[in-house]
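My request is simple: use the sequences and hints to build the entire structure.
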Amino acid sequence: MTPTENTSGKPEPTDPHDARATAGTGAHPATVESTLPVVGLLDETGARVQDSRFSPWIEDLGRQEIEEIYRSMLRARRLDEMATSLQRQGQMVLWPPLRGQEAAQVASARALGTEDYVFPSYREHAVILERGIPAEEMMTQFRGHTASSWKPSETRTQIYSLVLGAQVPHAVGYAMGITQDQKLAAEEGQNPPPEAAVLVYYGDGASTEGEVHESMVFAASYDAPVVFFVQNNQWAISVPFSTQSRVPLATRAAGYGFEGVRVDGNDPLAVLAVTRWALAEARQGRGPVMIEAETFRLGAHTTADDPTKYRRTDEEQLWAPRDPLLRTRNLLEREYGAEDVWFQGVEDETSEWIKATRAGILAGGPVDLEQRFDVVYATDHPLVAEERGWYREYQDSFVEEDNDDAADASGPRGLGREEQA
Amino acid sequence: MSDTKESTLRTTMAKALTLGMRRAMSEDRSVLLMGEDIGSLGGVYRVTEGLKADFGAHRVRDTPLGEAGIVGTAIGMAMRGYRPVCEIQFDGFTFPAFNQITTQLAKMHARTNGDVAVPVTIRIPNGGVIGSVEHHSESPEALFAHTAGLRIVTPSTPQDAYWMIQQSIACPDPVIFLEPKRRYWLKGEVNLLQPNTPDPFSAQVVREGEQLTLVAWGPLVPVAMAAAEAASQDGRSVEVVDLRSLSPVDFDTLEASVNHTGRMVIAHEAPVFGGLGGEIASRITDRCFYSLEAPVQRVGGYHLPYPPAGVEEEYVPDLDRILDAIDRAFAY
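Line by line, the protein sequences are chains B and H. Using my numbering, the letters of the first sequence correspond one by one to residues 1 to 421. Using my numbering, the letters of the second sequence correspond one by one to residues 1 to 332.
Hints are computed from structural coordinates only; laboratory data are not their basis. Note that beta-carbon positions come from the ideal geometry of N, C-alpha and C, so glycine has one too. Take the hints with a grain of salt, since some may be wrong.
Restraint-style ranges between C-beta atoms, simulated for each label pair [as the list claims (entries may be wrong)]:
#1 Gly257/B to Phe98/H: 23 to 31 Å
#2 Glu387/B to Asp37/H: 34 to 42 Å
#3 Gln194/H to Gln371/B: 35 to 43 Å
#4 Gly81/H to Asp374/B: 16 to 24 Å
Examples of chain B residues lying across from chain H (beta carbon under 7 Å, computed) [as the list claims (entries may be wrong)]:
#5 Met82
#6 Ala147
#7 Ser153
#8 Pro169
#9 His170
#10 Gly173
#11 Glu214
#12 Val217
Below, the structure is given as structure tokens:
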């Protein structure tokens with residue numbers, strides 16, 4: 001890698017502040033070189049690459065579908081930019097940017113069938129949009145307005161999971177439930193239920209969590225129809241991938257006794273092909289499968305993060321030509337003669353969508369705290385009922401005070417009441 | 001069952017639990033068991049003995065050895081519509097699953113704004129005085145009681161064991177089901193037709209008295225009953241309440257009892273500091289301040305890791321230490 005000019009205006013991190021300099025290098029003598037190739041169906045210029053195993057999985061893909069992928073990726077990117085600026089304006093409590101990971105997310109989500117189920121981590125905004133969840137709804141959690149933003153029961157998509165890796169065993173259990181459905185149906189002589197698989201997202205950092213390891217063991221023990229989709233974006237906040245693993249994560253699958261595939265996570269065609277294949281394997285009882293999508297987080301970990309403190313801008317520049325939007329644009333131009341006017345049209349319609357979405361996001365307000373008492377338990381609970389009474393009584397005391405104020409306009413006002421007003 | 005001869009059964013707490021789970025599994029095919037060694041072996045305490053043979057390996061699942069995996073996959077199965085019953089082998093081995101229990105299982109209903117219920121029951125052989133090695137004798141109930149979203153129950157008799165395990169499995173909320181392991185072989189009558197209370201999340205007065213309310217649960221209920229009997233020989237009339245539900249706590253029953261007796265002693269095996277007894281003492285003091293003749297007294301484990309088996313009987317409250325606490329309450 002040739003260091004390129006630092007354009008950030010800030011000094012480059014130097015040893016020992018460069019996290020990579022102090023991290024494991026993967027060069028330990030016991031490290032076995034991975035023989036797993038990285039599946040790619042597009043090169044960096046957007047030219048097709050043939051792969052005898054995976055190309056057939058996207059044979060049906062025409063111009064329209066590729067345009068839809070491009071449109072989805074652009075929407076995700078513009079939404080991400082808007083959300084980042086909304087956070088800077090104090091309208092969001094936090095935002096984890098996805099910039100750079102659009103292909104890994106859009107293409108993997110588009111591989112899902114109607115019976116499949118998704119367990120996201122917390123950065124899968126493009127996946128959520130692909131699941132048909134409105135952007136305004138998706139934002140409510142990051143606005144600090146709701147605990148989570150959509151109903152799993154209506155979307156076949158679990159809520160975001162911020163305890164790293166904690167959702168992975170849930171996905172395995174859900175997949176075990178799919179096979180349990182089949183066993184119970186067979187036991188009772190009923191028709192087999194429709195085939196289904198689970199797609200679970202996590203990252204290179206979360207891959208170190210013990211629960212992810214246990215998930216792999218359980219998934220293998222029970223032949224669970226689950227696809228582990230790890231987006232390796234190279235950085236777990238400030239810790240580089242080399243600290244998490246000496247080997248590509250997909251090579252770990254072999255240790256659990258199932259197949260792992262490395263895919264160029266910035267190549268939407270390859271991600272779509274590999275995920276379609278993996279979900280089919282899982283649905284047909286040949287799972288689990290692990291996919292490692294090698295990508296790069298072009299932005300910060302979250303809006304609270306500052307990547308200039310731990311990584312070089314030349315690394316970001318190295319990944320710039322692999323930008324999934326750029327490559328897909330190149331593909332559309334090269335293969336279908338798509339013209340600037342078409343791209344401008346997509347940009348314009350996305351801008352309109354962003355404008356309307358922004359208004360929708362800002363229109364909402366937070367849930368009443370009192371409603372939170374309703375959801376702690378699924379059934380009546382005397383402790384919650386009692387403490388809800390305390391809350392109500394305290395809040396109501398300000399209403400009485402307010403009534404007193406009406407009689408005596410110069411009287412003191414309760415702080416809580418002012419906050420409510 | 002109409003034949004009254006078959007309406008009661010004398011059996012051990014362990015067997016009552018087995019029977020209760022067998023019935024729950026027969027009545028609801030979404031119920032399944034998960035845990036280490038629970039299949040062919042029947043669990044290290046044999047509580048699931050025979051169930052794999054009757055219901056199959058897909059409903060009595062010997063899991064790989066990973067507590068977080070057991071609870072984490074159980075949550076996923078519950079999301080799919082199942083009612084998993086997890087067995088954690090010993091109380092001290094709950095902690096590898098603690099993240100899944102407290103950040104996931106407990107909070108899932110609230111985190112999904114009420115959209116996803118996770119009716120998972122986690123059975124944990126609980127408490128000490130079994131003469132074992134470290135991590136096999138702990139009483140972690142306060143850690144779970146502090147976590148909103150969980151329910152915690154613990155039976156002290158075969159009758160409650162038989163019914164409360166079924167009621168826990170049927171509950172739409174996650175339930176931590178603490179089994180007093182030193183009482184697994186305690187025998188008693190089980191009424192197969194009717195539970196003691198339709199609501200398992202309630203306390204029961206198991207001995208009536210006039211001068212002091214003694215609260216205990218799980219393994220200490222028999223000790224509390226013996227202490228009340230011993231106190232009566234000293235002319236003290238002690239009412240014993242089996243708390244049964246540790247979250248929620250049935251404060252109404254406790255309040256009514258203390259308003260009647262004027263004194264309260266709480267006994268538990270867990271360390272006193274930060275223990276459930278402190279919360280009960282505080283709330284009962286609030287509710288019964290003008291009825292109390294003395295501060296609420298607590299007796300429990302010391303602020304130590306559970307000690308070696310050779311000295312555990314000095315650590316866990318026994319009859320004499322409970323009587324000592326009763327003396328303290330009467331000293332005011």
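Interface hint status, Ser153/B versus chain H (Cβ within 7 Å): holds (5 Å)
Pairwise beta carbon distance, Glu387/B to Asp37/H, judged against the given window 34 to 42 Å: holds (40 Å)
Interface hint for Glu214/B, Cβ within 7 Å of any Cβ on chain H: holds (3 Å)
Hint check: 7 Å Cβ-Cβ cutoff, His170/B to chain H: Nearest chain H Cβ about 4 Å off; hint holds.
Per-residue hint verdict: Ala147/B, partner chain H, C-beta under 7 Å: This hint holds: Ala147/B lies near chain H, its Cβ roughly 5 Å from the closest one there, short of 7 Å.
Restraint check, 7 Å cut-off on beta carbons, for Gly173/B near chain H: holds (2 Å)
Assessment of proposed distance window 23 to 31 Å (beta carbons of Gly257/B, Phe98/H): Roughly 28 Å apart at Cβ, these two residues keep to the hinted range, so it holds.
Range agreement (Cβ of Asp374/B with Cβ of Gly81/H, hint 16 to 24 Å): holds (23 Å)
Interface hint outcome for Pro169/B [beta carbon to chain H under 7 Å]: holds (3 Å)
Outcome of range test on Cβ distance (Gln194/H, Gln371/B; 35 to 43 Å): Holds - the Cβ-Cβ distance for Gln194/H and Gln371/B, about 38 Å, lies within 35 to 43 Å.
When the least beta-carbon distance from Val217/B to chain H is tested against 7 Å, hint result: holds (5 Å)
Interface hint status, Met82/B versus chain H (Cβ within 7 Å): violated (25 Å)
When each numbered hint is compared with the structure, a violation occurs for hint 5 only.
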